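There are 2 protein chains.
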Amino acid sequence: MGRVTTRTSSPRTRLSPAQRRAQLLDLGVRLLSTRSLDELSIDVLAEEAGISRGLLYHYFGNKHDFHEAVVRRAADDLIEQTAPPVEGEPLHRLLVSMTAYLDYVDQNHAGYLSLVKAASGGNDTLREIYEEARAALTDRVFREDAQGQIIKETPQTRLLVRAWAAFAEDLVLGWKADPRGVTHDEVLTMLVGSLPALVGVLVPEP
Amino acid sequence: MGRVTTRTSSPRTRLSPAQRRAQLLDLGVRLLSTRSLDELSIDVLAEEAGISRGLLYHYFGNKHDFHEAVVRRAADDLIEQTAPPVEGEPLHRLLVSMTAYLDYVDQNHAGYLSLVKAASGGNDTLREIYEEARAALTDRVFREDAQGQIIKETPQTRLLVRAWAAFAEDLVLGWKADPRGVTHDEVLTMLVGSLPALVGVLVPEP
Numbered sequence: 425m426g427r428v429t430t431r432t433s434s435p436r437t438r439l440s441p442a443q444r445r446a447q448l449l450d451l452g453v454r455l456l457s458t459r460s461l462d463e464l465s466i467d468v469l470a471e472e473a474g475i476s477r478g479l480l481y482h483y484f485g486n487k488h489d490f491h492e493a494v495v496r497r498a499a500d501d502l503i504e505q506t507a508p509p510v511e512g513e514p515l516h517r518l519l520v521s522m523t524a525y526l527d528y529v530d531q532n533h534a535g536y537l538s539l540v541k542a543a544s545g546g547n548d549t550l551r552e553i554y555e556e557a558r559a560a561l562t563d564r565v566f567r568e569d570a571q572g573q574i575i576k577e578t579p580q581t582r583l584l585v586r587a588w589a590a591f592a593e594d595l596v597l598g599w600k601a602d603p604r605g606v607t608h609d610e611v612l613t614m615l616v617g618s619l620p621a622l623v624g625v626l627v628p629e630p
Numbered sequence: 425m426g427r428v429t430t431r432t433s434s435p436r437t438r439l440s441p442a443q444r445r446a447q448l449l450d451l452g453v454r455l456l457s458t459r460s461l462d463e464l465s466i467d468v469l470a471e472e473a474g475i476s477r478g479l480l481y482h483y484f485g486n487k488h489d490f491h492e493a494v495v496r497r498a499a500d501d502l503i504e505q506t507a508p509p510v511e512g513e514p515l516h517r518l519l520v521s522m523t524a525y526l527d528y529v530d531q532n533h534a535g536y537l538s539l540v541k542a543a544s545g546g547n548d549t550l551r552e553i554y555e556e557a558r559a560a561l562t563d564r565v566f567r568e569d570a571q572g573q574i575i576k577e578t579p580q581t582r583l584l585v586r587a588w589a590a591f592a593e594d595l596v597l598g599w600k601a602d603p604r605g606v607t608h609d610e611v612l613t614m615l616v617g618s619l620p621a622l623v624g625v626l627v628p629e630p
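Chains as they are written, first to last, in our numbering: chain Y, 425 to 630; chain G, 425 to 630.
I should point out that these hints are in silico values taken from the structure, not numbers from a laboratory. Any given hint might turn out to be false.
The list treats identical chains as interchangeable, and a pair is accepted whether it falls inside one copy or across any two copies.
Unchecked claim - Straight line, CA to CA, 27 Å or less: simulated DSS-like cross-link-like pairs of lysine-lysine:
1. K541 / K487
2. K600 / K541
3. K576 / K600
4. K576 / K541
5. K487 / K576
Predicted model, so just to flag it, every value in this text is computed and none were measured.
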C-alpha cells in the first residue's frame with residue numbers, strides 16, 4: 425500500500441495504518457456534524473479525504489462497518505468532551521460537564537441528531553453504541569459524585585438519572601430545532617439545575 | 425357486503441361500516457398492548473376478529489394504512505385516558521393525569537413502546553402521529569393551567585415541558601424494562617413531582 429495523504433494531514437507524514445484509520449474516522453465525525461448518517465457515504469469521505477474509495481473499503485470493510493466506526497467514535501468524543509473536571513465542587517463540575525454537552529450538540533447538531541435517530545431506528549449495533557454512551561454518561565454522574573453529595577446511587581436514582589439524560593437530550597435538541605426566545609444560558613441553567621431539582625423530588629428538602 | 429360479527433361483539437347487532445371499523449380498531453389497539461407493531465399483521469387481526477383478510481383490507485386499504493389507523497387510535501386513547509379532571513387543584517389534576525399515564529403504559533407496554541419506536545424510525549406518518557400526541561399532552565399542561573398556577577407559558581417553559589415529557593416517557597419505560605427495587609408509587613412520585621421541580625429551576629423559590 426502506497427503513501428496516502430488526506431487534505432487534513434499537514435505536514436506530510438507517513439502514518440501507520442491505525443493512525444490513518446483514526447484520522448479518517450476523525451474526518452468522518454467532522455463530516456457528520458453537518459450531515460446525517462444517511463448522507464455520509466464512503467463516496468463523500470473519499471472525496472473529502474482525497475483518497476480512493478477502494479482504500480476506504482480497505483480500512484472500513486463496508487458502508488455499515490464504516491457507519492458503525494464513525495458513530496462509535498462520535499459517541500467516544502461526546503463522552504470525552506463532556507468529562508467533568510477532576511477537582512471541584514460537584515455542582516461546579518456538573519456545570520462544566522453540561523456546558524460541554526451543550527457546546528457539543530450545538531457544534532455537532534446533525535451528527536448528534538443522527539446518532540439519536542439511528543439509536544431508535546432498526547439498527548441494533550447503532551442502538552447499542554448509543555445506549556453504551558448514555559450509560560457511560562449517567563454512570564459518570566454517580567462515579568463523579570462518589571460521596572453522594574448531589575445524589576446517592578439507588579435503584580430510584582438510577583432510573584431518575586437515566587430519564588434526566590432523556591430530558592437533557594430533548595431539551596437541547598428542542599432548542600436547536602427552534603431556539604426562538606430562549607438563550608444559550610437559559611438552556612444551560614435548565615440543564616444544570618434540572619438534576620438537583622429532580623433528585624429533590626426523591627429527597628424532599630427538610 | 426354481508427353481516428359480519430367479530431368475537432368481540434355481543435350481543436349480535438348490525439353495525440354501520442364506521443362502527444365496525446371503529447370496533448376493529450379497538451381490537452387492533454388491544455392486540456397492540458401485548459405485541460409490537462411489526463407483530464400486528466392483517467392476518468393476526470383477521471384471526472382475532474374472526475373475519476376474512478379481504479374484508480379487513482376493505483376497511484383499512486393496506487398494512488401501512490392499517491398500522492397508521494391503529495397507532496392514531498392508540499394515540500387518541502392515550503390522550504383521552506390521561507385527561508385530567510375538569511375540577512380541582514392543578515397539582516391534584518396533574519396527579520390524576522400522571523396516574524392514568526403510568527397505568528396506560530403499564531397496561532399497554534408493548535403497544536406504547538412500539539408507538540415510541542415507530543416515531544423514531546423511518547416512517548414519517550407514524551412519527552407525525554407521535555409528535556401530535558406528545559404536543560397534545562404538553563399543550564394540555566398549559567391549557568389545563570391557564571392561570572399559570574404551576575407554570576406560565578413562555579418559550580422557556582414550552583421547551584421545559586416538552587423535555588419533561590421525554591423524561592416521563594423514559595422514566596416509565598425504564599421502569600417497565602427493569603422494575604427491580606422501585607415501586608409503582610415511587611415512579612408516580614417522580615412523575616408528579618418532576619414537573620413542578622423542573623419549573624422551579626426557571627423560577628427559583630424566594
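Against the structure, the hints:
Taking the shortest Cα distances, K541 and K487 sit within 27 Å of each other both inside one copy (18 Å) and across copies (24 Å). In the homo-oligomer, the alpha carbons of K600 and K541 lie at most 27 Å apart both inside one protomer (15 Å) and across protomers (22 Å), since each shortest distance falls under that limit. For a Cα distance limit of 27 Å, the shortest separation of K576 from K600 across copies, 22 Å, qualifies, whereas the shortest one inside one copy, 32 Å, does not. Proximity of K576 and K541 under a CA criterion of 27 Å is satisfied in neither setting, with 31 Å inside one chain copy and 31 Å between copies.
Taking the shortest alpha-carbon separations for K487 and K576, neither the intra-copy value of 43 Å nor the inter-copy value of 48 Å comes in at or below 27 Å.
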